[in-house]
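Note that the protein sequences, when read in sequence, are chains A and B. If you're matching positions, the first sequence starts at 3 in the numbering used here and goes up one per residue. If you're matching positions, the second sequence starts at 2 in the numbering used here and goes up one per residue.
Hints are not guaranteed to be accurate.
[Stated by the list, open to error] Here are the in silico distance ranges between beta carbons for each label pair:
#, chain 1, residue 1, chain 2, residue 2, range
1, A, Glu49, B, Pro150, 23 to 31 Å
2, A, Lys130, B, Asp378, 51 to 59 Å
3, A, Asp361, B, Glu45, 29 to 37 Å
4, B, Glu319, A, Pro186, 53 to 61 Å
5, B, Glu240, A, Gly368, 57 to 65 Å
6, B, Glu213, A, Gly146, 51 to 59 Å
7, A, Glu258, B, Tyr152, 53 to 61 Å
8, A, Lys130, B, Glu208, 50 to 58 Å
9, A, Asp201, B, Gln142, 45 to 53 Å
10, B, Gly284, A, Asp237, 30 to 38 Å
[Said to hold, decoys possible] Some chain B residues close to chain A (C-beta under 7 Å, calculated; not the full set):
#, residue
11, Val73
12, Asp74
13, Ser92
14, Ala119
15, Ala120
16, Gln122
17, Ser205
18, Val206
The hints are simulated quantities; they were obtained by calculation from the structure and are not laboratory data. Nothing here was measured: the structure is a model prediction, and the numbers come from that model. Yeah, the Cβ is synthetic: ideal placement off N, Cα and C, and Gly gets one too.
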Amino acid sequence: MNDGEKQSSGSTMPDVALVSYALDGYQDSIASRGNEVAFEVAREAIEEVDLSHEDVDATIGCGQDAFNGVTVSFGMKACAIGGYNKPSTRIQNGGVYALTQARAKILSGKADCVIVASEDPLVGFDEKTVSNISQEPVFTRPIGQNFVQSHALTAGQHLGTSDATEADYARVVEKNHAAASDNPYAHRDGEPDVDEVLDSEYLSWPLREAEIAPVSAGGAAVVLTSAELAREVTDTPVWVEGTGLGSSRYALESPETMARLPSLRSAREEAYNEANVANPRSEIDVAEVYDPVAPMEILSCEALGFCEDGEGLQLLRDGVTDADGELPINRSGGAIVTNPLNCGGLYRTAMAMSALRDDSTMSITGSERAVVTGSDQMLGSRGRTDGVLVLGTGAS
Amino acid sequence: MAFLFSERGRVSVARNVGVVGAGYSDPETFTDFREAGVTRSKEELAYSTITNTLENADVDMSAIDATIFTTVDGFEATNRIERTIDMFGQSRNIPLISINTGGTGGGSAFKAAYEQIAAGQYDMVLVYASGSFDSAVEGQQIMNTAAPPLYEKPIISAIHMGALYASKYMDVHDVTEEDLALTAAKNYESASNNPWAHRDKPYSVEEIMNSEMVAWPLRRLLTCPVSSGGGAMILASEEKVRESMDEPVWVDATESITNTFLSGYRTYENFPRLETLAERVYGDAGIDNPESDIDYVETFNPYIAFELMQYEDLGFCESGEGPEYLRSGITEADGDVPWNMSGGVLCTNSGICASLSRHIEVALQLMGDAGDRQVDDPGVGLAHSWGSNLGQFHTLAVMSREGAN
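The shape of chain B in the complex, shown without the other chains:
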């Protein structure tokens, strides 16, 4: 039991929460979304994901006492798909909580599981993030309905969510196309070590800069594909964590933040709400200096300029110094703080799964289960997600291996 002091100085009793397992559907399911629907049903995808995750946690489904499911319903081409997939403990009538906060769904579901366990309501919770995109014939029109109807809906699709930020960021800080291509190349190189990557081949800076322009300044290879594949995690109370793990991975802090729906108030040169959220979450987790206190980071980087902006907003470097920070090599596999060794969302955009994947990757790294993409002995990891209209929401989570601090 940990005694937590809230902002108003009141004391509450909350339990420690840890991660006991993380996993994905089989590697071959991480492919183009148009191929996925015809090769696997949603039931098969869920079965594969949950089986692999239970195996990673070394627990049986009967140990799970609540499930949290997250997706964006429109992308599933139906409404609340989880109710008709009997894979989430329905045969035992356990809770099935449905969360939809757009692209932050994975982070929101992770946070909800944390709160339920910390509160003492449930002991072991399965978080399932759907591959989402494998049913709708065309996702853009569906996504477009999320935009404010008068001014933004007529012009906004997914790519503009990235292009508006990227172009302003480049303009304000004299960032070049080459800076973006270098960041992308780092992610492609990492993805070549990741069996669950959709784009899993390294691309040179030249190849990236010669790929077709989609929406200035984002070229095809600076922008994520549309992928398939499911992901899951199992979170548990301290008592349950200690039963199954020798070196527990704890959730030190997790929270979200909200921006306005109308995006005209934003300046697009950075993510100010992410800066605020980072301050709060670092405070909760006892992180004073992110570069020295954090060993591994996974962020939501579907449009690659975001990764440079995130270096700055998450406090790893000063405003405008993202490209320099990248060139220093700190965020590479052998650097002090490797970022996105999975290849990030740039390489694998499996719907809301890609949102939880950030947390899955951090947990696997801390558990030492990250295979060929494993970095050297990370103790503290940071996971981020981003979503809703032009990035209205962010979530962050700090996890750590016991004894790492």
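This is chain A alone, in the form it adopts within the complex:
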């Protein structure tokens, strides 16, 4: 699926840049019914680079109807994010897929400036019910499975086949909360330590409440432009060097397969090939990785090639992935701290932009290249659609 020959086309392509972002949140709920906050962040992101809505050629939404409580929920957002009289579409895979479509729109010559935006209003919303009704209806839905139990099965596999302990999962939580302490957008506050996490109740063995991502309300917008326009509007473009997408089977193959995150690996191969990343551990400076439950951060490090399979634990234990470590993973605190369901991919992309740029408290000095991952949410470990972005400052 990722044969080398087709990747050669990437090198001849003109570049696409991320030129600005705007975020609102994150918190338990926001005063919006589906488009007010999307409007605010879209306008802020456009004005940030002195563009107006007239300069936007196309808009792309990334919300899902079940998280918005209405059918065709993009209808109310399309004009709020600048779409009137323009092309618009909605990609429902959690943000990174939408960014990839925006880039394709620019590369295909159909646009110079595209905004991707949405919001998470969370009005009257129960994420575990949505997860359960989204499962396969004959065998899985009736037993009450939701994303927590699905991820717990993968976590159980990980515990049983590696030297991981429950304390390692608690350490992921401690690390991420410490990293988020200076993140103005962080949702969950507090800085729980390993012992406090281990003292809390299981939600679904071996996962505890603090080890499961919250559901965060807010809004996010990211503006992408062609290389020429990027150089006109900003001194700090963040280039999209590579993108990759992948999906995984819903049918249960084996616990081993689930823990390998095959769709993330497939997306990674495609993105790294395009960006010419040969040795991710040394070539990537920072990563914002979707970690809906704590063990997923460890397994994602392996799937992203930051270490050999089975060595993700060691990265964590050695502090390599700490905010001040050699390869910070989730400098923002990750999904364990802040987890907007519609906009997660946009939020993590914005966090990677702030790490690469030197204009915020979240900057990582000297960082030139970042990886962002995103996934649609709520089914759990099966039937995932994963996306990977390789972003760069162009300095290397």
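Based on the hints, put chain B in the right spot on chain A.
Here is chain B on its own, set in the frame of chain A:
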């Protein structure tokens, strides 16, 4: 490689994109939505659709390197149904892109595939449009949640989306009930040649005008049924197209346009956003005069007055002249520009499949694969879709057979 000049005069490198295959689930699956769910699972429907489409393209599933799925989730009675149907390349972990723009889902998915291939990201993309309606017990309440909550939600269901436009159009232009019935009769006659039509029998103008009134001025037979059935297309890069086709079918242009969510700003006598979109897409495709440059058209016509309005908005005749244009016979099977020889959405409303069906029908016509509904040697075709709150979105696509221009 084609060099495209964007509006700001910048040059980008984009690849040509063609259609290598199009198809549907088996003909018997195009039936009433209430029967469909009990006879076929979503997996069986997808298997049938994809198998038939791969066969039409003469390629194997292993040649597909990304899939785009489109539906309206509420109609499926669950959320993001494609993730639990392992039919879209998940065993190879290829991308599965999910698009939901309401009734324009098929056009939006077609457009997304075009962009991904033109950009050089993927070489061969499967677009799958779900039959959508075969699970929800009652779709109206679900559809109603798409309407703005204060003023429109209390009154709007699907039929009103058609009735508001139809009644205003008739009032402004003195269009008669007979004009609508004549348009419907043309579609029913066409559908009798289409094995994938749900309503597949011809009805006389009198029968149509005697059918029950649903919402003025739309009678039962001026309004689409609720159908089932799936559809798919395969789009590919120029290199892949040339490997599998002697007479390639190219995508000359495709784009969408967006209207306001609140519909109080609209006047309902026509589709002004469609007029604007047509100008843009015709410009991209090099079409100066639609009637002489386009040989075949499929539009979204679930409420039959739309087809007359579309003659006008797509530039085939002047405002208000739709009924006259119909009576001229130009849009009939043996006319200069046959429209909706499938019977359109009026006869087969298979959810979001019906949205992609417009593109499928155009592609099949250009490939010469349209069976009994095939028109004489069309070279350039136009496909349209319409959707979201009171028709907020439109998409258009122009396809052409190589050498046709």
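Hints, one by one, checked against the model:
{"no.": "1", "hint": "A/Glu49 <-> B/Pro150: 23 to 31 Å", "verdict": "29 Å, holds"}
{"no.": "2", "hint": "A/Lys130 <-> B/Asp378: 51 to 59 Å", "verdict": "58 Å, holds"}
{"no.": "3", "hint": "A/Asp361 <-> B/Glu45: 29 to 37 Å", "verdict": "55 Å, violated"}
{"no.": "4", "hint": "B/Glu319 <-> A/Pro186: 53 to 61 Å", "verdict": "58 Å, holds"}
{"no.": "5", "hint": "B/Glu240 <-> A/Gly368: 57 to 65 Å", "verdict": "42 Å, violated"}
{"no.": "6", "hint": "B/Glu213 <-> A/Gly146: 51 to 59 Å", "verdict": "45 Å, violated"}
{"no.": "7", "hint": "A/Glu258 <-> B/Tyr152: 53 to 61 Å", "verdict": "55 Å, holds"}
{"no.": "8", "hint": "A/Lys130 <-> B/Glu208: 50 to 58 Å", "verdict": "52 Å, holds"}
{"no.": "9", "hint": "A/Asp201 <-> B/Gln142: 45 to 53 Å", "verdict": "46 Å, holds"}
{"no.": "10", "hint": "B/Gly284 <-> A/Asp237: 30 to 38 Å", "verdict": "35 Å, holds"}
{"no.": "11", "hint": "Val73", "verdict": "6 Å, holds"}
{"no.": "12", "hint": "Asp74", "verdict": "5 Å, holds"}
{"no.": "13", "hint": "Ser92", "verdict": "6 Å, holds"}
{"no.": "14", "hint": "Ala119", "verdict": "4 Å, holds"}
{"no.": "15", "hint": "Ala120", "verdict": "4 Å, holds"}
{"no.": "16", "hint": "Gln122", "verdict": "5 Å, holds"}
{"no.": "17", "hint": "Ser205", "verdict": "36 Å, violated"}
{"no.": "18", "hint": "Val206", "verdict": "35 Å, violated"}
Hint compliance for this structure: hints 3, 5, 6, 17, 18 are broken, all remaining hints hold.
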